[in-house]
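Asker: This is what each chain is made of:
Number of protein chains: 2
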Amino acid sequence: MNTLIKNATIVTMDEDNKVIQNGYITIVDDKITYVGKSLPEDFLPRVIIDGKHKAVLPGLVNAHTHTPMVLLRSYADDLPLQEWLFDKIFPIEDQFTAEDVYWASMLAVMEMLKSGTTCFADMYFFMEEIAKVVSKTGIRANLSRGLQCFDTDFDPKQDRRLLENEQLFKDWDGEGNGRIKIALGPHSVYTCVPGYIEATVELAQRLGAGIHIHISETLKENQECLNKYGKTPIRHLYDLGVFNMHTIGAHCVHLSDEDMDILKENNVNVVYNPTSNLKLASGITPVKRMMDKGINIALGTDGASSNNNLNMFEEMHLAALISKGVEGEPTLIRAYDALKMATINGAKALGIDHEVGVIKPGMKADLAIVNLNKPHFYPMHNVMANLTYSAQAADIETVLVDGKILMEKGEFKTIDAEEVIYNIKKISERIF
Amino acid sequence: MNTLIKNATIVTMDEDNKVIQNGYITIVDDKITYVGKSLPEDFLPRVIIDGKHKAVLPGLVNAHTHTPMVLLRSYADDLPLQEWLFDKIFPIEDQFTAEDVYWASMLAVMEMLKSGTTCFADMYFFMEEIAKVVSKTGIRANLSRGLQCFDTDFDPKQDRRLLENEQLFKDWDGEGNGRIKIALGPHSVYTCVPGYIEATVELAQRLGAGIHIHISETLKENQECLNKYGKTPIRHLYDLGVFNMHTIGAHCVHLSDEDMDILKENNVNVVYNPTSNLKLASGITPVKRMMDKGINIALGTDGASSNNNLNMFEEMHLAALISKGVEGEPTLIRAYDALKMATINGAKALGIDHEVGVIKPGMKADLAIVNLNKPHFYPMHNVMANLTYSAQAADIETVLVDGKILMEKGEFKTIDAEEVIYNIKKISERIF
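If you read the sequences in order, they're chains E and C.
Mapping the first sequence onto our numbering, position 106 (from 1) lands on 94, and the numbers just tick up by one.
Mapping the second sequence onto our numbering, position 10 (from 1) lands on -2, and the numbers just tick up by one.
Treat the hints as calculated values from the structure; they're not laboratory data.
Some clues are possibly wrong.
If chains are identical, the list can't say which one is meant, so a pair holds when it fits in one copy or spans any two.
Straight-line Cα separation of at most 35 Å, DSBU-like style, residue types lysine-lysine; simulated pairs [stated by the list, open to error]:
(1) Lys401 / Lys40
(2) Lys76 / Lys281
(3) Lys25 / Lys145
(4) Lys145 / Lys276
(5) Lys414 / Lys216
(6) Lys42 / Lys414
(7) Lys397 / Lys216
(8) Lys(-6) / Lys392
(9) Lys(-6) / Lys397
(10) Lys25 / Lys413
(11) Lys145 / Lys392
(12) Lys216 / Lys42
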């Protein structure tokens, strides 16, 4: 299927940071075949998207979330962390069925597509349900089964979660024209005994899978790790061999200088979750120091229970603002830096930057199209500043993944929105 | 004209913080006549607004902005403060004509109405143009002529700016069925010599006008004030008699304990501008300490050049997040607190809380109606958390001021949007 986008402002996010005014993009099947100032003569499009008053950017990558937690959106807010987690979140999550997870993830995908997100990294349970959602909806994802084990005598051959993650990999890795990637999801140093993390690394090596893990989210986590193992979570994970694998490290809020050197030397990808870190009062992520070290920093929403949405425009906005304010330096994290975090850096974090994250020929056509014809974008001085500081998720008009239009003017092409809302209401009535 | 809103979730913001499910609001002319669970029998509406899947909240109050600065939106970002102000903002502002200010303010009102703002406090020049905009569009506003004077030998009877502000008061205060209030706008302690501030206070007393002023926005301002006058800006303004008048104090980022006591004892209204303070790296406003003292804290966007929009949902969102993260306390600034800042506290700051800010009989019908039927609001656990943490400005569907619908589903009833955009483009081409 041939698609043409014409007369658009193209925010390529390509190395030389170029924005093409009145540009053309041609798409053949799942791939971009041309990006430039003129319409290729021999191109016969079946679908034409008029880009007048519109910006096209690489689809946003939400590099750390737990999609089914949308069921807990606005259920428990403004509470102390322990009360929030143990009295509110955990008891409810215990009641989730496979079917609940399916519909919740569907709702999350609706929200993400509507806000320009074309790819997400998810860690949860009943992950085969989420794989089905990704397969059906046409979005792109990195999925990992959340793994935890407090028992030092566990048997890796019998561990239910490890077996589930392995099966998930066998059943789903590479499915959906390569849109689905499966990683392993050891939850954190405080929920996995060291031997279990080693068993996970071993499995990752055997399968050729990456790892998605929470790291140094809170001071408490760091303190307990230092007390127990005499080292920081990052040093501990390094010693256990985790960083030999491609790693998505969510949070990384509390880091020593040595921690950052380890992250850099091992090409560990950090996912910054500004809303979640602020809302749960986890701390202020040292973004400037990590950027100075050259560490790859992607952006994530975390779960909707600590956000309360899956809106990457809010994360870009916050990322661009927080460091300026906290470090007292208005030149920190420019609009372009925030856009990078949400696009190419996210693609790198998920190990798919050869496929998505910039707009250029040969890449997959994962695109978010923003309607710029809104009062809050006029006058048009700088499209990157407009996208980072002024845009709302609702400005997204069209979203393509793998060359297919999945959402256009609020309408979903692969999702029955009414069916999803009907089921979410039913689930919500049952559980709450 | 009788209007009925039926079956809505009404977020009254009334003292007892009550939310009415499936509620009714009746409006006669400019005023709310009933709020409750049942439809008054004898009410014959001419307009009926179906509130199913909708939340009605008091129209948001943007308590500190400079509307014409939308012309500078995304023109200069991520720059050091001095370069931003002296090389970029000031030289451009110098070129603004009265007509430019008119159209720019029109654009700002479009943006504000679309995002649920029904009232704003503005300080700028060519203010009679903005009064015309307020009069024509039907929005509510507190307008002050920005006053500055570096000359200790000025003559208050000859000072152009003071005379303009006085004339503005005489021509416009109370106009538009009371929608327009005129205040005096001494810019700050660093742009007004002490005698000039005293002359402003004298004029305010003579007219019975309030004062709108920037206070302690940056550390530099405080340092210079201490060096020059041996006291903090707040002590200095107190000694000059400013706080004898109803005062809107924008920013108040850098405060001593004594400063806060002065603010509290004199009922000075603080306007917190979270985006602007972060973006310009002005500092972290001590919101918790001010709340503990019982100081009234409203919210503002500041000008679009330091934001880059006039979106009060972003300010609520930031207000609820920043203090949690910076103070390390997830219970600080609850969703309800943020909503209060944007509604009733804003009304108090502008001295119109007897007219707007809560939804109850006798108040002016300034209302913002949010469409809750969006993926990012499901499931519906808590409407206040949804509005503060998950809502976008674009979720606003209908806005009423003084009982009149000014915006409905993106359409303006009193503004020719195409004419405004046409003129903004023309102005932008001329100036930039």
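Asker: Against this structure, judge whether each hint is valid.
Answerer: To see whether the hints hold, each was checked on the structure:
no. : hint             : result
1   : Lys401 / Lys40   : both (23 Å within a copy, 26 Å between copies)
2   : Lys76 / Lys281   : between (38 Å within a copy, 31 Å between copies)
3   : Lys25 / Lys145   : neither (57 Å within a copy, 60 Å between copies)
4   : Lys145 / Lys276  : neither (43 Å within a copy, 52 Å between copies)
5   : Lys414 / Lys216  : neither (44 Å within a copy, 67 Å between copies)
6   : Lys42 / Lys414   : between (38 Å within a copy, 20 Å between copies)
7   : Lys397 / Lys216  : neither (53 Å within a copy, 58 Å between copies)
8   : Lys(-6) / Lys392 : within (16 Å within a copy, 41 Å between copies)
9   : Lys(-6) / Lys397 : both (17 Å within a copy, 28 Å between copies)
10  : Lys25 / Lys413   : between (48 Å within a copy, 23 Å between copies)
11  : Lys145 / Lys392  : neither (41 Å within a copy, 69 Å between copies)
12  : Lys216 / Lys42   : neither (54 Å within a copy, 51 Å between copies)
Hints 3, 4, 5, 7, 11, 12 from the earlier list are contradicted by this structure; the remaining hints agree with it.
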